[in-house]
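Protein chains in written order, with the numbering used here: chain F, 1 to 117; chain E, 118 to 229.
Warning: the hint list may mix true and false statements.
With a cut-off of at most 27 Å between alpha-carbon atoms, the simulated DSS-like pairs for lysine-lysine come out as follows [claimed, not checked]:
1) E:120 <-> F:57
2) F:65 <-> F:17
3) E:174 <-> E:216
4) E:134 <-> E:216
5) E:216 <-> F:71
6) E:134 <-> E:180
7) E:180 <-> E:216
8) E:188 <-> F:65
9) E:188 <-> E:134
10) F:69 <-> F:18
11) E:120 <-> E:174
12) E:216 <-> F:57
13) E:134 <-> E:174
14) F:69 <-> F:17
15) E:216 <-> E:120
16) F:65 <-> E:120
17) E:188 <-> E:216
18) E:216 <-> F:69
Quick caveat, the hints were computed from the structure, so don't treat them as lab data.
For reference, the chains in residue letters:
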Amino acid sequence: EAQVTQNPRYLITVTGKKLTVTCSQNMNHEYMSWYRQDPGLGLRQIYYSMNVEVTDKGDVPEGYKVSRKEKRNFPLILESPSPNQTSLYFCASSLTPRGARSHQPQHFGDGTRLSIL
Amino acid sequence: SQKIEQNSEALNIQEGKTATLTCNYTNYSPAYLQWYRQDPGRGPVFLLLIRENEKEKRKERLKVTFDTTLKQSLFHITASQPADSATYLCARGDTGFQKLVFGTGTRLLVSP
């Protein structure tokens with residue numbers, strides 16, 4: 001089954017304790033992206049990756065890091081989490097949205113709810 | 118910056134009626150608009166895409182329109198069912214930009 005898998009689904013942690021949210025897709029997609037979803041603000045892009053070893057900032061990258069060492073995995077790293085990073089996080093993947101194929105629909109994971117105390 | 122505006126108030130309709138959701142955009146027309154459905158505790162699921170040069174797109178009970186004069190897209194669900202209850206997200210995409218800009222979504226409640 002084609003899917004995007006995120007882990008963990010839920011996490012409660014404390015300020016300053018480094019954490020990693022994993023994301024894996026089995027569709028051989030080049031493009032992967034991380035979003036956060038907050039009430040009244042909708043989905044906002046944190047980072048995206050066009051392919052292995054190619055990453056770039058989205059709209060709200062502060063406080064986050066990503067890496068893309070393999071095509072299928074795109075982990076999101078919070079080096080020193082703070083309460084304002086409490087949110088619902090989504091990973092998504094698609095075929096490369098470029099040129100004539102720029103309209104590619106994105107496939108989303110089921111989300112990770114992070115609470116930073 | 119490009120924005121997408123959706124009605125934040127929930128839309129309540131009766132089963133069998135047509136639900137119509139609105140998505141307004143600012144500035145220039147996007148190359149395309151995408152509509153997603155999101156259920157509680159789940160990630161968004163892609164439903165339909167409509168390009169700037171298309172006026173209307175259909176898929177089963179779903180219909181999307183794109184009006185560049187009004188800077189608006191309408192999303193219709195005909196013969197709505199309680200199972201259609203969910204939040205519907207509109208997103209704009211622009212050629213050359215590797216991201217979608219999402220609206221905040223409109224919650225649809227279909228009562229039996």
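(request) With a cut-off of 27 Å on the C-alpha distance, tell me whether residue 65 of chain F and residue 120 of chain E pass. (result) At roughly 26 Å apart (the allowed maximum being 27 Å), residue 120 of chain E and residue 65 of chain F satisfy the hint.
(request) Take the C-alpha atoms of residue 216 of chain E and residue 57 of chain F, compute the straight-line distance between them, and say whether it is at most 27 Å. (result) 11 Å, holds
(request) Decide if the proposed pair is consistent with the structure: residue 120 of chain E and residue 57 of chain F, CA atoms, cutoff 27 Å inclusive. (result) The given pair, whose Cα atoms are some 18 Å apart, holds under the 27 Å limit.
(request) Would you mind confirming whether the straight-line C-alpha gap from residue 188 of chain E to residue 216 of chain E stays at or under 27 Å? (result) 20 Å, holds
(message) Would the hint linking residue 69 of chain F and residue 17 of chain F be met if the CA-CA limit is 27 Å?
(response) With a Cα-Cα distance of about 23 Å, the restraint between residue 69 of chain F and residue 17 of chain F holds, given a limit of 27 Å.
(request) With a cut-off of 27 Å on the C-alpha distance, tell me whether residue 188 of chain E and residue 134 of chain E pass. (result) 25 Å, holds
(message) For residue 134 of chain E and residue 180 of chain E, compute the direct alpha-carbon distance and say whether it is at most 27 Å.
(response) The hint holds at about 14 Å.
(message) Hinted pair, alpha-carbon criterion (27 Å max): residue 120 of chain E, residue 174 of chain E. Please report holds or violated.
(response) 22 Å, holds
(message) Between the alpha carbons of residue 216 of chain E and residue 71 of chain F, is the straight-line distance 27 Å or under?
(response) It holds: about 18 Å lies between the C-alpha atoms, which stays within 27 Å.
(request) Take the C-alpha atoms of residue 180 of chain E and residue 216 of chain E, compute the straight-line distance between them, and say whether it is at most 27 Å. (result) The given pair, whose Cα atoms are some 24 Å apart, holds under the 27 Å limit.
(message) For a C-alpha distance cap of 27 Å, please report whether residue 134 of chain E and residue 216 of chain E respect it.
(response) 34 Å, violated
(message) For a C-alpha distance cap of 27 Å, please report whether residue 65 of chain F and residue 17 of chain F respect it.
(response) Holds, at about 14 Å.
Violated hints for the displayed structure, listed by number in ascending order: 4 and 8.
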